[in-house]
Each structure stands twice: as structure tokens, then as C-alpha cells.
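Trainee: Each chain, letter by letter, is given below.
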Amino acid sequence: MTRTILSALFSHWWYNPLQVFTLLAGLALGTALWSGVQAINAEARASYDAAAATLGGGRYAQITAAEGAVSLDTYVALRRSGWNVSPVIEGRLGPVRIVGIEPLTAPGGIGPVSAAEGADLGVFLGGGQIFAKAETLTRLPDLGVTGVAAPDVAPNTAITDIGVAQRLLGRAGEIDRLLVGEAQPLRRGPLPDGLVQTAPQDGTDVARLTDSFHLNLTAFGLLSFAVGLFIVHGAIGLAFEQRRAIVRTVRALGAPLGQLIGLMAVELAMLGLVAGALGVALGYAIAAALLPDVAATLRGLYGADVAGQLSLRPAWWLSGMAIALGGTAVAASGALWSIARMPLLASAQPRAWGLARQGSALVWLSAALLGAAGGLALWGTGLVAGFAMLGALLVGGALALPGVLGLGLGWAGARARGPVPQWFWADSRAQVPGLSLALMALLLAMAANVGVSTMVSSFRLTFVAFLDQRLAAELYISASDRAQAARIVAVAEAEGAVVLPLLSVERAVAGLPAEVYGARDHATYRDNWRFLLGEPGAWDALARGEGVLVNEQLFRRAGLTLGDPVAVAAGVSLPVLAVYGDYGNPVGQVVVNDAVFRAAYPAVQALRFGLRVAPDGVPGVQAALRDRAGVADGAMVHQAAIKALSLSVFERTFTVTAALNVLTLAVAGFAILMSLLTLAAMRLPQLAPVWALGLTRRRLAVLDLVRALVLAALTGALALPLGLALAWALLAVVNVEAFGWRLPMYVFPLDYLRLGAFALLAAAGAAAWPAWRLSRIEPVRLLGVFRHER
Amino acid sequence: MLLHVRDVTKTYPGTEAAVLRGVSFDLGAGEMLALTGESGSGKSTLLHLIGGLDSADRGVVSVDGTDLTPLDDVGRAALRRGTVGVIFQQFNLIPSLTVAANIAFQARLAGRHDSARAQSLAARLGLAEHLHKYPEQLSGGQQQRVAIARTLAAQPKLVLADEPTGNLDETTADAVFQLLCDLVVETGAGLVLVTHSERLAARLGRRLHLRAGQVT
Amino acid sequence: MVLVLVVAWLPGLVFAQGFAGLGTTPGDFAVPSRDTVLTFPRDHGAHPDFRIEWWYLTANLTGPDGTPYGLQWTLFRSAMAPRDGQGWEAPQLWMGHAAVTTPEAHYVAERLARGGIGQAGVVADPFAAWIDEWSMQGDDPGALRLTAAGAEFAYDVGLVAQGPLVLHGDKGYSVKSAAGQASHYYSQPFYAVSGVLTLPEGDIPVTGTAWLDREWSSQPLAADQTGWDWFSLSFDTGEKLMGFVLRGAEDYTAATWIAADGAATALPDGAFVARPLAQNEVAGRVVPVTWQVAVPGRAVDVTVTALNPQAWMATSVPYWEGPVTIAGSHGGVGYLEMTGYE
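Taken in order, these protein sequences are the chains called A, B and C. Numbered according to this note's numbering, the first sequence spans residues 1 to 790. Numbered according to this note's numbering, the second sequence spans residues 1001 to 1216. Numbered according to this note's numbering, the third sequence spans residues 2001 to 2342.
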């Protein structure tokens, strides 16, 4: 019996290949969108986790020799005096960066590849293994060393034992730097002369901004998930509606309901698997196409190699399959439930694909969700609340769509003159339930696009301004000690540069960890720094030592208001004059006048300097500092280069965002196409009388096309406020919860117009084929409507 | 007794008047009964109750010694595929299956498919050269013949036909009706046929006329 | 992560791949021989042609207020190949474990080092064993200074031997299984200790006794043996008992009865009985921390109780090691080591 029932169920798909195509394609596209974004996200994260892990750089304090390399004897002497340090040597072998480590002393997290297949420490230590990504291994010359593929290693990097690395690099006995472990024993000898210890970096301000880039991608992933879910839901609902007649017949002929439902569930699971696999493959293709841009973005931000190639991570393809199957299950449970409750003798006509019957419930649900979103925005705390608010906002907005469309079309219908316009508006209104899910997908896609592009653009404007503010000086120089600092000042001033010493101490301010900076009164600051909030004449007051500037993080966390006194040193308390944006900084910051700082902290001497130099004089000053003050190239940062890099990073971000925008719209367009195709057959009884009364098929087709555009335009009109609300939520709620600072929001009307045009294009594209079919329909099929009706 | 109906009452939710009010009759094996009456007299409802497609509010319907009242969906489904065969006015063929697969469908569900029998039935019904076509390629009369073949291929003990010729023109209707009667007689099954045609009802052995849900 | 690395990667290192890893075949390494005569000071030093070796010191100490403490200082050597060498290529690996146990706390530190670069090693004369800044050294093993430090604790104590070296088994040839696996094994169980423990609560002057175990082998366990329970007990009578149970398909026991003057008697398989009396959950495992120990031939029947049941060595290869107190037919103190509890 099972086979007989299955033959009936499956034959439906063979007989209606278009339907199975739409079902599979809908599911696959939804999955692809989700898994594509996830793939990019997962790959990017893994890449720079690996980069950070492999480099170890930044996370640990480091000891280097004041001159040249650290010797083996020095290393052993340090260990034997109690220093928990581990040697690292680095160099290039052709295109590949070779990192030599000592695995027995390496601090946690920088070792290679904990679980690499085929790893054998005995062989590793014995000079026999080198770890790298598979593609990196292929770029290595034959070294007489076994290559072990290790996906966790940073791209274009190979890790091997320090002994092997020294041999490969031809630098026997040399050590570039010593990583200082976080845990040190109680007793430790002093650091010998000739060695320099540098503190761990907590990540540069610029690098921290990439967290926001990720939040951006994560948000996009969430939105694409919502769009995908609507499409999956629609595709499944469609598949069931079309088969109600078969289900009724098969039941009437004696197939038990329970078995029938079970078999349909199995059938759907199989389709879900197939579609999920297709979707994951498609998502992979999308990600692979976009990843080079993302990789370039991150390479720009980190200065470290990030994989430009995807690896198939189980986490994301499993999540893709889970979305396909889970989405199928969620959508199917409703459809199966409706089949289970369908009376055996009910009309088996497919009903419009949609939610018409739950009209009022939908309005209430939508209102409740939007209310919840508002409540969360006002009173919610924490990142989870932020994302919950985002979700409630999106779903609530989507569910409000049918009601809003109904109102809009009703309003237009009431003002229509003439029978055809009246029929057009009334008929459009009748179509809304059938198209509602597809239109919701379009709404979400557009809102997502508005939201994310607003976020990215706002982010860029803010970021550029921030760069101007923070990197106002042409050159930034770090000195290794006081003597060098003095030489730097002397050389720089001799070269005609204005030296801005960067003085800072760490200190708890208002009970929070913070940095206190001393700033010299100079046009550099006045010209470039922008206040989020400030009293007039703040700069003058600062110059007189009558107040302080605080960053937004400290201002928010400590709950300050302008004029509140802030203790910046023992016995020194000054009022807050202004608040500045400090994007990416995890801790609070207070800026005081140079003189105030020196008086409060006489022992602190500047080791970092900003140099104002005429732009074309930069290379000359750099050369002078290198030759006469012994400043290494790595200790000089050229501001123009960083800015150019950062801006190019954003251009790439835009490429990725734009590509995803087009994709989501295309998927939403596909959903509309599917709905229209379904409706086409059901609508014949409504169209036939109008045709019989004298409207040509061509005219009917044109009206259908116009209807699709009207619906898309109305949806777009609703998507704009929803998208702006979304952007606001991302910038002002989620970002604040995640990072402690708020990104100012800018609006970009031209972008939205272009987006609206794209959406109309997608709708027109989707409606074109059904309309064309309608214009060519055999009159006998329209006549058939009258013949069958009795 | 093949079919036993006693005091059957049925009211649809939301309507005040009962569709069936205390209907009783019996039918033996090989007997053929015409069920006639005005539209809304309850004849289709009665047929659905007998076919296990719906359940009575009160009274007893028993087919081939099985009381339908306590049966759940699984039991009713077993009755529909094993004991009773229903021929619908709308044919209710499965559009995505060929004529041959449609004819075999119910017999397969019942687990008694016999391809020789199915082929001879198809031949008797003039469907031999249409076996590989799909239902929508056939005329209405041909489709109804496929439905008849599907029912009879499953060898039911009781055939229920709901206006089987109602969608056909008179000439075709007569031919299909005659074939149905001949085949039912040959298999020795019982037949309950709902019709509003006096002419067709007159051609069956027994007749039950319903008016406002009661036998008159 | 590095710890994970070491466990997963060090087939040669002591205890690696679980304690059963010690049952791997010796390959090219030297094998202990009953005919070997231990020679000092040479044999205080390293034996690089054997796969594994250790210098294992445990001490039972008492603070000025009578609080009991335990102290451990261990240097393990593990060879990847039976040779010594210079530079990063040397196939010798070193692992140091240091611990201080109080009734309430257990402090542990671990060090790993490559041989061949001077970061760790042992020389016999004048005696010095070291890894990083930890060291055990003196003109000869009769008088040593012992230091070690972790992030939370440190110690610096002096050791003076009050009796002779003790050779276990057959003149230092100690059989570990019925199949004949064996090691070279001697002890100095007669150290008097005085020095200072540095704990989070401050410096604590301590005195007490210590026991040094020296052992080297290439395949000390049979393939089916999964771990051991090892006891070093110092009775109030001045007598001492070293005994162990090797857990396998058949348990194998060996013991040495040490008279107060240092005269040693090897006890055969079965003469030493150890039976768990109470289990404790330690670091997610169930470990027996109270034992009944008996040597019927010597009228010994005592209960051995851990000073701190949580004396878990959360090191690359974890095990239990801590001071114990003895009650019953004899009183006293000692150390208990339990390995292979997964």
C-alpha cells in the first residue's frame, strides 16, 4: 500500500515538473542565501582566529633584542631565571611565511593545530613536520619535511619547529622574539640589558572596528534567514495546496490518513534534503564568488593574510541543511495539520496560497510583535534583547503587510472611476492573500537592504571622519625608550616637523578602567576632532586646563552629563567639557591639557609622538628618523597609507553588500514568480468572465503586470520605514549593546530610490512570464471555465 | 445481509434541519438499488455514510457484517479500499497517473491487483487503446469509465455510485450506465446508485425515494 | 592547547597516551638487565639510552603551628631516540612537576623543555638536576638544595640524607610484571628537610622528611597494565615501606621493606596488599583516597588516608599525588601516587 500511495504522491511531481522545480528552487534559494552569508562569516572568522592564533602577535607581551636577534643562550638564561618565555623565528621562504615555534614552551593558543590529522610531536620536534593549509603546502618548495594539512593555520603561513625553521631560513641559533606567557612564576630575575619588553596590544582602534563589520554580516545573515524562511514556507504551502485534490481522492479510495501524512512528511524530508544540498552548494558558490572581496577586506584591516578560498566547514553546511530541513518542517507542520483536519468531503480546490483566513489574527500578532520591538528598544538591555528586538521588528513588519496592502488597495478602489479600474483594484485586493507570503519576502528583502546599506554607509562616513580625527598627524612614531624619544624629538624638530607628544596613563576613572591622555593645544585637534556633545568654547577651556574631554564609552558607562567633575589624577578633578566618538575603543578615555597632565604625572614621559609634516616631506622625515634616531620602519606609521587602506576596505565591503542586496531581491522576485504561477491557474474562473465581457487577453496580461508593480511599489513604501527602523536598531541598539558606542545614522535617499527601482524590476521580471502566458492562453481554456461550472 | 441501515440520522453542524431522519433499509448481495430524490433530499449524504466517508449521528450502518459506527479513520479506510467501491460524479481520477495506473490504483491499495482482470475490464470498457494516456486527454465518458474500471478492479462487495453519469450527455450516460450494471451483475456485488434520473432508476431492480431526509 | 598537544603528540614522553603507553615495546632503546650493577655517582645522572627516567622527590613537612604539608619535585626525562645530542635536534624531552599540598589546597606547576639546549638536564657529579629555574642540586645527593615556583607558590628547602641509598628489587633491578618488564630503581628515603614554603598566605618555615626515587627503564609496564598505586610509607618506628600495585589483567605487586638502618628486603608479588577503602570524586574522576595497606609477613595492617583528597596533578598527563597519614598497627606519614584513573 505504501508504494501505491507513494506512486500517487510522486507522480504529481513528474506530471507537474514546474511545481517541483519551484518547490526545490524556493527551498534551495532560501538555503543558499543563508548558507552563503554564513559561509563568508564563518570563513572570515576562522581566518582571523587562525591568524591571531598563529601570530600570537598582540596577544602576548614580547621580548626582543635591542639590536639584532636574541641568542639561544639568552633565551635559556631567561628561562633559567624564571621567565616563562617561548622563542619564535619568522621569515619568508618564497611566497610563504615560515613561523618557527617551540611547542613545549609556547603559550596556550599559539601552538599549531591541536588536532591535525597525522600530527606527531616526536616527528615535529625531530625536524620532520611543517603545518600549513593545504593550499599553502603546495606553494612550498621541497624541504625534505613532511607537510601536514592543518586548516587552522593562518593562510599563507607554515608553522614548524624552531629548529627546522632556523635551518630552512639559514639562521641557525637566532630567535626573533620571545613571547611572554600570561602566567609567570612567583620568582623571576630582572630582564637583562639589551632586551626590550613590549606590552601586549589590546588590538588597535582600527582593527577593533572589524567587529562591527562582522556584526553587519551577522545581521545580514539573520535577515537573509528571515527572507529564506518565508520563501521556504511559501514553497511548502504551495506544494500542499496543489495536492489537496489528490489527497482527497487517495483517501476516498481507502488510504488511511495517518499513513498518508507520514508518507508526505517523508517525501518532504527527501525533497528538503535534495533542496538543502542544492542550496548549500549554491551558497558555497555565492560565498566563493564573494569571498575574495571579504578576504581582501579583512586582509586590509588586519594586515594579515586571510584565506581567499573557502573550506567546507561542517558547521556551516550542517547549518544550511538544518535551515532547509527545519524550514521545511516548520512550514510543513502547518500544511500537514491543515491536511489532517481537511474533511474528506471538502472541496479539493487549491486555496489561495496565503494567510487570508487568519486576517484579524495576523493584525493582532503583528501589532503585538511591533509593540514588543518598541518595548525592547526602550527597556531591553543586552545583545540578546537587541537581536530579539530586531527579529520582532522584522516579523511584525512583515505580518502587517497584508493589512496595509488591503487598506491601500481598498482606498484606491473607492476612488476608481469606470468599470475596468474598479475591477482592477477589487481584483488586486483579492490577490493579496495569495501573494502575501511572497510580498512579505520582498518586504523583508527590501527592508534588509535598506537597513544594511544604511548601516554600512553610516559606518563608512563615521569611520572616515574618525580616521581624520585620530590620524590627523602625518606620521606616528613609537620610541623604544626615553633616550630614543629624546632623539626623535630632536631629529623631527630639526626636520621642521611639529611634534605632538602622546602622553597617557592607565587609571580608573569614575570607577571604570580608562586611559588619561595629555594633549598639546594644537590646531590639529581643533580642526579634526568632532564632538558628539559639547559646550561652546570647549577647546579654549581645555587649553586653559579648566576641563576634560571624555569619550562616548566612558560618558555612557559612567552615566556622566556635561559639567560633571571627573577625577583624572589624585587630587585633580575637572568638569566634562565635551564628548567625542571613539569608535572601536573598549575602554574609557579622558583627554586633559598637556600642562595638566605633566603636572599630575611628572614621571610619565611620552614614548609615542604624532608628527605634523608637509605631506611631501614625509619620506624625508622618515629617512631622517631611521638614520639619525634609529627608529625601525615598523615603529613609524604613515597616516595616508592607513587611510587609503581603510577606504579601500570599505569599497570592498560595499561590493559584498551590493552583491547580497541583488541576491536577496532576486530571491524575493523568485518567490513572487512562484506565487503568480500558482495563482494563474486558480484565477481563470475570475478572469474568464472579464474576458468574456470584452477585455482582450493582452489587456488582461498588461493589467496583471501593472498589478504586480503596484503591489511591489506599495510593499516598497512599507519597506522603507521598516528598513530605516532596522538600521536604527542596528546602529543605536545592537551596536551599543555589542560595543558600547553608538554609530550616528545617516540616510541615503538616492540609494533607497535605486533600491526601489530594483525591487520594481524584480517584481516586473517575476510577473512578466505569467503575464505572457496569460496573453497567449488558449481561449478554449477560458471557455472551459463556463463548461465546468454548473 | 450485505448492507444494513437502521434509523440513520444526520445533521450537519450549523444547519437546523436534519439531512437524514431515521432512514432504514437493507440490501442483499447481488441486489441493485436506485436512490432517488430531489436535490438536498439527503441521498448523497446517505451514500457517503454507507461508504464510510462520513459518520452518522445516530443509527446503525453495517456493511458486510461490519458496524461502521465504532470505526476510526484507519478502520474506515480499510473498509473503503477492501469492501466498498465508490464511483463519484466528478470521477476523482488522479491526474498525474496514467489510465492504467488509475485503474490499478485501488486494487493495489487493497492488495488484490490482478493485471489480467484489470486489462479485461479496460477492454470491456473500451479503454484498451487509452491505457497510457493521462485522464485529461480523455473525454468525460471515457474518464467515468476509467473510474468504473478502477472501482471494479478492486473487486468490492458493494459498489456505491454517486450520479455516475450526471456529467455525461444522454447517449454516453446510457452506455456507461449499462456497462456499470452489466459488470456489477457479473461480479455479484451489490449496487447502490444515486441518481435523479427517473429513467435510469427505473432500470434497476429496487428503488428507494428520499424526501427531506426520509424514505417515502 | 599546548597541553593537549603534548598529550596527543608525545608517544615517548612519560605517561603519554595514558599510562598504558608505558607498555610499548622498547625498540632500539636499552633494556634493564638483572646483571647491571648500579654505580654511583654515575647512576645519579641521566641514562639517555633508556626511554624514560625520573628524579622523583616527595616530602612530608610540618609548619610551626603543626600544620602538615606535602611537597613534590619531579623531573621526568623522555627520549624520542636512544641518544643524547646538542641543539634543537636533540631527541631528549624533559618535564618538571612541582606541587605543594596543604590540608585545604593543592598547588601545581608544570614545565616542559627540550634537551640539547641547556634548558633542562641532569649531571651526576657534582649533582644537579634542573628545568628552567627549578633545580635540585648539591655537591652530592647527600646534601641538596631544592627550589621550584609556580604562579601561586614557591619553595626553597635543604635536604640532608640521614641514611644510605636503598636498592629495590634485586640490587636495584625492579620487576614490574609477571612477563618480566622491569626498571632500574633505587631510593634515598632518609632525607631530613628544612626550608620555606611560599604560599598565597605568606612564607611558612617547615621541617620534615623526604624521599627521593630514581627510576629508569624503556618498557616498564606490560601491555595490559593501565596504571599503578604506589605508596612510600615512613613509620614512626623508623622503618619504611615502599610498595606498589600495578593494575592489569592480573594485579602485580612488589614492595621493599626498609629497616631503620636502611637494610632493604624485597617482598615478592602478593606479599604487599593494598585495598581501597573509600573513593572520592577528584577532577571529575573517582579515585580511591583511603586505603588499607597490609604486609602480613611484617605484621603491618594500616589505614592510609590522604591529607588532601583533592591532590590532583592537573598536568599534561594528569594523576593523583599527595601526602598521606598512617594509622593502625603502625603510625606515620608518607606519599601516595595513583596513575591511570581516567
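The set of hints was computed from the structure by calculation and includes no laboratory data. These numbers were taken from a predicted model, which means no experiment stands behind them. Hints are supplied without guarantee of correctness; some may be wrong.
Listing some non-contacts, in silico: residues in chain A with all C-beta distances to chain C over 10 angstroms [what the hints assert, rightly or not]: (1) 76; (2) 79; (3) 104; (4) 183; (5) 190; (6) 245; (7) 274; (8) 277; (9) 378; (10) 419; (11) 478.
If you want the footprint, here are the derived chain C segments under chain A, 3+ residues with CB under 8 angstroms [claimed, not checked]: (12) 2117-2127; (13) 2147-2154.
Glycine included, every Cβ here is placed at the ideal spot set by N, Cα and C.
Trainee: Run every hint past the structure and note whether it holds.
Mentor: Outcome of the hint check:
1. 76: Contrary to the label, residue 76(A) does not stay out of reach of chain C, its closest Cβ about 5 angstroms off (not over 10 angstroms).
2. 79: violated, 5 angstroms
3. 104: Its Cβ does come within 10 angstroms of chain C, the nearest being 4 angstroms, so this is violated.
4. 183: For residue 183(A), whose nearest Cβ neighbour in chain C is about 5 angstroms away, the distance does not exceed 10 angstroms, so it is violated.
5. 190: holds, 13 angstroms
6. 245: holds, 61 angstroms
7. 274: holds, 39 angstroms
8. 277: holds, 34 angstroms
9. 378: holds, 44 angstroms
10. 419: holds, 77 angstroms
11. 478: holds, 30 angstroms
12. 2117-2127: As far as the segment 2117-2127 of chain C goes, the hint holds, because 3 residues have Cβ atoms under 8 angstroms from chain A.
13. 2147-2154: n = 6 at 8 angstroms, threshold three: holds.
The structure fails hints 1, 2, 3 and 4 (numbered hints given earlier, in ascending order).
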